[in-house]
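Asker: Each chain is listed here by its residues.
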Amino acid sequence: MSDSPIPAPAQTAWTCPFCPLLCDDITLEHTGDARLAATNTACPRLAQSLARYSAQDGARQPTIDGRNTGLASALSRAGEILSRARRPLFGGLATDVAGARALYELAALSGAVLDHLHGDALAAATLALQDRGALFTTLSEVRSRADLIVVFACEPSRRYPRFYERVQTAQRQTDIVFVACDVDEAAGAHAHSMLASADPFDTLALWSALIAGREPETQSAHELQALTERIHAAHYTAFIYEPTALPGPHAALAIEAIHRIVKSVNRTVRAGALALTGDDGALSVNQAVTWLSGFPLRTRVAYGLPLDHDPHRYGTHALLDRQEIDALVWISSFGPEPIPAALADDVPAIVLGHPATALDARNAPTVFIPVATPGVDSEAHLFRVDTSVVAPLTAARDAGLPTVASIARELARAWRAT
Amino acid sequence: MSLARLKGGVIYDPANGVDGEQRDIYIRDGRIVDQANGESVAPERDFDASGMVVMAGGIDLHSHIGGGKTNLSRLLLPEDHRNDARAVPDKPDEGRYMRMPSCGTCAPGTLATGYRYAEMGYTAAFEPAMIASNARHTHLEMGDTPIIDHGAYVMMGNDELFLQMLAAQEDFERVRDYVGWTVNASKALGVKVVNPGGISAFKFNQRSLDIDEAHVHYGITPRDVLRTLTRALTELRVPHPLHVHASNLGVPGNIASTIATMDAAEGLPIHLTHIQFHSYGTGGARKFSSGARAIADAVNARPNVTIDVGQIIFGQTVTASGDTMMQFRNAPLARPRKWILGDIECDGGCGVLPFRYREQSFVNALQWIIGLEIFLLVDDPWRVSMTTDHPNGGPFTSYPHLIRLLMDKSFRDEQLDTLHADARTASALGEITREFSLYDIAIITRAGPARLLGLADRGHLGAGAAADIAVYRDDENRERMFTSPAYVFKDGELIAKDGTLLKTPTGGIHYVQPDYDRAIEKRVRDFTEANLAGKFENVAIDDDEICACCNGGSLLPVACLAAGGNE
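So the protein lines, in turn, are chains A and B. So in our numbering, spot 74 of the first sequence is number 102, and the numbers just go up one at a time. So in our numbering, spot 154 of the second sequence is number 169, and the numbers just go up one at a time.
Incorrect hints may have been included.
[Said to hold, decoys possible] Here are some of the chain A residues that sit facing chain B, going by a computed Cβ distance under 7 Å:
| id | residue |
| --- | --- |
| 1 | 165 |
| 2 | 171 |
| 3 | 172 |
| 4 | 420 |
[As the list claims (entries may be wrong)] If you want the footprint, here are the derived chain A segments under chain B, 3+ residues with CB under 8 Å:
| id | region |
| --- | --- |
| 5 | 239–250 |
| 6 | 287–299 |
| 7 | 403–417 |
Keep in mind the hints are simulated off the structure, nothing from the lab. Note that the structure is a prediction, hence the values are computed from the model and not measured. Virtual Cβ for every residue (Gly too), placed ideally from N, Cα, C.
From just these sequences and the hints, can you work out the full model?
Answerer: Take a look at the structure:
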């Protein structure tokens with residue numbers, strides 16, 4: 029064999045699957061110890077996510093009750109657990125479109141409830157949409173059109189470190205006003221904050237009153253009035269909020285208020301809202317389940333029964349707290365997300381997880397199958413944060429891990445064969 | 016695959032001039048063949064169609080079945096899904112695992128969409144409003160729409176790059192190449208323009224845009240957009256003419272701009288979609304009247320023009336449109352009172368409004384009348400396709416009802432009698448005696464749309480055609496007859512029998528691949544890098560990826576028109 033080094037693959041930009049911004053400009057290199065590293069960005073979320081992969085990932089074996097086993101026996105045991113369950117929950121659901129498609133059929137066979145790791149944030153957004161609708165905008169619209177950005181009660185760079193890079197260009201100056209929060213330090217020079225310590229709900233109520241033509245005589249009202257005037261003078265205003273950063277349990281009401289304000293503003297000028305949400309495949313799975321079934325997540329799906337959508341009752345924690353499920357299928361392919369602590373120790377679990385997943389010993393039957401990360405170990409389709417663009421992702425390595433979709437298809441095939 | 020025979024049916028195959036002749040049809044390897052060639056037919060592949068009506072599978076050339084705004088419609092209307100009487104099919108012969116769970120009436124899930132089209136004898140449906148930046152999503156949804164073949168028209172004419180090129184008066188050839196690039200990159204079958212320039216103008220806070228009015232930012236007019244796009248598609252030899260959702264949707268008096276839109280094509284092929292919404296006059300005490308006669312006369316006089324109707328059907332539905340400008344105007348009419356609007360990727364937009372068409376509303380009653388008048392007053396059925404603009408005028412599951420309205424004058428009159436009295440008196444519908452024949456129906460629901468889309472081997476029953484076939488039990492009640500065919504074949508396989516599904520194969524995707532000068536890619540790349548949030552390299556969808564999007568369905572590239580003729 030020749031001693032010459034393996035030629036480096038042509039440098040093509042790689043798309044990062046670890047947050048819904050899906051940044052597609054990343055140069056990825058394989059380091060000496062067979063790890064992955066991004067060389068052209070300092071995004072901490074990406075660095076942290078990549079640090080969880082190692083050369084040993086491909087050697088990680090499936091386990092049954094903590095003991096190593098082969099894929100075939102793990103699948104067979106998982107099939108047994110599912111076939112005995114009367115009311116399983118497919119939770120986590122951190123996967124891509126292909127995973128969602130395949131899991132949908134398996135859920136229909138086993139009569140499962142579907143909820144996501146970020147189901148609470150998703151449900152708040154869904155409820156607000158179902159009640160009143162929305163007026164939304166997308167990343168490229170913000171980037172090319174917005175001359176004013178209003179960030180409401182959140183710190184975008186905390187979870188989405190490259191947010192400002194994605195929506196701003198050096199060619200244009202965009203002013204950013206933070207309302208009901210401090211200035212995000214990553215936001216750059218043209219940012220200031222107002223009503224930083226105000227309650228988000230009070231602020232939205234006051235702002236709604238102003239927009240509706242009332243004239244509350246408070247200092248806060250004057251400040252909001254001045255902001256509204258700025259919005260009316262701008263060409264296009266983008267409202268940014270994070271469903272997870274809004275105070276629970278009634279974040280849906282805040283989301284509804286934001287969109288109501290944006291809709292009202294649009295009677296005379298143009299503006300749109302952009303929610304920063306959809307981590308860990310939340311948007312991808314929610315979209316796919318919605319188009320397949322008609323209903324979004326937090327739906328029970330079973331052959332021969334009506335689809336049953338209930339955003340309150342079918343939340344993971346509500347189901348676990350009330351001990352309403354008799355098996356958990358936990359899907360976590362972007363990171364080693366632990367199974368929920370509230371899961372009773374006597375409920376069987378099937379974990380389709382990141383290869384770095386650590387599982388505590390449990391009393392109930394527990395199967396673990398290490399799976400491919402979409403966009404690291406396999407090609408994938410994921411919905412971007414604005415839900416308008418589906419990004420095509422490519423694999424960064426070949427660790428030989430099976431995809432969630434292939435595991436789900438195999439379990440469905442075995443189910444149909446019995 | 017062995018030979019199959021469909022025995023003794025009465026054939027309606029307008030593409031081959033066959034009007035109700037009794038003859039056998041032979042099928043081999045998914046195709047219709049001339050004769051048995053001495054080969055015997057296995058008993059289980061020999062189907063008795065004696066006395067039944069045989070047509071090619073239905074083709075819906077304008078139905079919002081996939082993509083962002085369709086999924087937003089589903090998200091917006093959980094009540095539409097909870098109220099779906101057919102959520103659990105009561106079909107004991109199907110077996111428990113035939114239909115995956117899926118529901119909805121006006122915004123059904125993709126699975127329910129495929130099942131319901133197929134059980135009605137439809138074998139293809141086309142998404143008319145794919146936003147290029149949302150193309151993957153659209154194809155993913157259509158890939159999850161079982162049984163039927165599909166395809167999409169990509170929206171252009173509101174994307175900033177097109178408008179910038181037009182405003183800068185760049186060479187026509189470059190604009191044409193950009194159209195070709197976009198069609199290829201998005202795996203589209205055609206190009207649609209929605210409110211030409213108006214979606215973009217709304218982003219610049221312009222609230223209306225008539226056909227010769229200037230876009231507030233770019234200075235170009237809708238007429239410029241139409242002229243350029245029709246010429247581009249003609250030069251690219253794309254079979255389907257420019258698919259136009261004209262300016263001023265829903266505005267009383269819009270007949271003038273609708274006819275001006277026809278003329279903006281300057282004699283080149285142009286298809287005006289859901290023309291019912293663009294056929295309103297300003298006569299009468301309410302300043303809202305039927306413009307159907309004027310529109311039908313205009314269509315009859317212009318052989319380059321084809322239309323589909325966008326018939327409204329009374330009841331609850333949802334309107335999902337790329338026309339943000341008009342949807343925002345109509346937002347106060349949303350029932351229930353909730354709506355979604357979005358500005359999308361310097362490319363397009365969408366507006367989703369639930370809507371309830373009521374018999375006792377003067378306007379809705381007249382809309383219903385206008386749609387039927389247009390069907391009945393346009394002379395050449397080859398230039399009219401049957402649509403409800405699903406779901407905007409009503410769900411596609413209303414087609415059997417609509418067929419009965421067209422074929423049965425007394426049934427039509429009964430329905431007319433239930434409508435708002437003033438709308439009835441303002442209408443000429445009662446005096447129109449025309450009834451569509453089965454041959455006419457076969458034209459407007461399959462042969463015509465297939466020809467208009469360039470699908471050479473679909474929409475007819477001649478040798479070599481794909482064996483997509485619907486066989487109906489003759490019934491004077493045409494609604495019942497067209498609701499559940501005795502047999503439906505898809506690519507030669509029997510997939511439904513009397514409304515019972517037997518198989519759910521994956522449908523294929525129809526798309527065109529026009530030739531263009533690839534030098535245009537640099538222009539698109541520069542624009543993308545300067546303005547958009549994603550990279551140019553990730554825009555185009557290649558063959559492998561479209562296969563994955565479409566769940567492994569067949570790739571069905573449609574040939575471009577031969578040089579020297581545009582049909």
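Asker: Would you mind marking each hint as holding or not holding in the structure?
Answerer: Structure-based check of each hint:
1. 165: holds (5 Å)
2. 171: holds (5 Å)
3. 172: Residue 172/A check passes; min Cβ-Cβ to chain B is 4 Å, inside 7 Å.
4. 420: Holds, about 6 Å.
5. 239–250: Since three or more residues must qualify, the claim that chain B covers the region 239–250 of chain A is violated, with 0 doing so at under 8 Å.
6. 287–299: holds (count 4)
7. 403–417: holds (count 7)
Going down the numbered hints, you'll see the structure goes against just number 5.
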